[in-house]
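Protein chains: 2
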Amino acid sequence: MSRWEPDARGRLERAALELYSERGFEQTTAAQIAERAGLSERTFFRHYADKREVLFGGARLLEQTFVETLAAVPEAVAPMDAMGVTLEVVAEVFADRYEPARQRQAVIAANAELRERELIKLASLSSALASTFRGRGVEDTAARLAGEAGVAVFKVGFERWMGDGGRGLGEHLGEALVELRRLVVAGSA
Amino acid sequence: MSRWEPDARGRLERAALELYSERGFEQTTAAQIAERAGLSERTFFRHYADKREVLFGGARLLEQTFVETLAAVPEAVAPMDAMGVTLEVVAEVFADRYEPARQRQAVIAANAELRERELIKLASLSSALASTFRGRGVEDTAARLAGEAGVAVFKVGFERWMGDGGRGLGEHLGEALVELRRLVVAGSA
Chain G
1 MSRWEPDARG RLERAALELY SERGFEQTTA AQIAERAGLS ERTFFRHYAD KREVLFGGAR
61 LLEQTFVETL AAVPEAVAPM DAMGVTLEVV AEVFADRYEP ARQRQAVIAA NAELRERELI
121 KLASLSSALA STFRGRGVED TAARLAGEAG VAVFKVGFER WMGDGGRGLG EHLGEALVEL
181 RRLVVAGSA
Chain U
1 MSRWEPDARG RLERAALELY SERGFEQTTA AQIAERAGLS ERTFFRHYAD KREVLFGGAR
61 LLEQTFVETL AAVPEAVAPM DAMGVTLEVV AEVFADRYEP ARQRQAVIAA NAELRERELI
121 KLASLSSALA STFRGRGVED TAARLAGEAG VAVFKVGFER WMGDGGRGLG EHLGEALVEL
181 RRLVVAGSA
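If you're matching them up, the sequences are chains G and U in order.
Read left to right, the first sequence gives residues 1 to 189 (UniProt numbering).
Read left to right, the second sequence gives residues 1 to 189 (UniProt numbering).
Just to be clear, a hint being listed does not mean it is correct.
Chain copies aren't distinguished; within one or between two, either way the pair holds.
[As the list claims (entries may be wrong)] Below 20 angstroms or equal to it, Euclidean Cα-Cα: the simulated DMTMM-like pairs (lysine to aspartate or glutamate) are:
#, residue 1, residue 2
1, LYS121, GLU175
2, LYS155, GLU116
3, LYS155, GLU113
Rather than coming from a laboratory, the hints here were simulated on the basis of the structure.
As the structure is a computational prediction, the values presented were derived from the model and not from experiment.
Looking at chain G on its own, in the form it has when it is part of the complex (with noise of 0.2 angstroms):
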């Protein structure tokens, strides 16, 4: 096997996913997801420290992508606004991907480890986006509470686009957060 294989990190994703979905998580091994890839067990280590780094290697890139689109905005722009145009933009990220997010999603919701892997990476999220609000010079309690908001909307909005792949996860963000402004809003505010 030549030491440069086309798209092999795609092709891992891919056969991992399909393993992780057909005998669960636990039960797949990174030689078994190299075989089904057609690659070998070098090539598997080269792209993934581990098989569950499959699953969260994307977290990285996802972060970076909310943090640095939220600190491009004008400071002139509402937090609220600024993060519906963070959305929009990490929505992208996620564009002819639904196929991997639900086969993902399912893979996840399956295992307690997982699960718990998935909600650190969405604290973590949040921590950020609260620094960077707060490097917007926004308060900090607003700052944490701006971070949560935005993390809640990205989860009720990806959960919705799990459920609906039809419409792309822009339009589901974009009606949760609009849904989340009502809520608020609702009431003796």
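Following the hints, complete the assembly by docking chain U onto the known chain G.
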């Protein structure tokens, strides 16, 4: 030692929090906690399944208080107003509990496994609130967002209380809710 010790549970909790603070959670054993409390190890295990339950044994009561209070608010009350009422009642659970809450928070902050457990606790609370909102006739997406928003306000308000025990938890939670409303309304809502 007699089978029924006055306030054994409280004494064990205080002893555990002291020891976790002094030597770390990992380094403390159930036997040491019992000894510090002047009780037997058997008494410890009559009150707590393990040393982690000293920190998380209250989670079920907390969730129950949230859910039962929210369910009892008349359905005509808007979701976030109902959440506001609920947070006031929940705050009473923590009356005179500032010092143990602060110690607990510090112990959890110092240990990755405990931080994960705390995230799981809050995720479970969010699901329970969403389910209660659905039971109040709130549509699914709004119910999930209301659950997430409620937990966000609780989390951020609680952190503020930890940093300023001069005022009660209820005041901090109320202010965090007002802050969330201000934040979410600001801009092109």
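Against the earlier hints, flag every one the structure doesn't satisfy and list their numbers going up. 1
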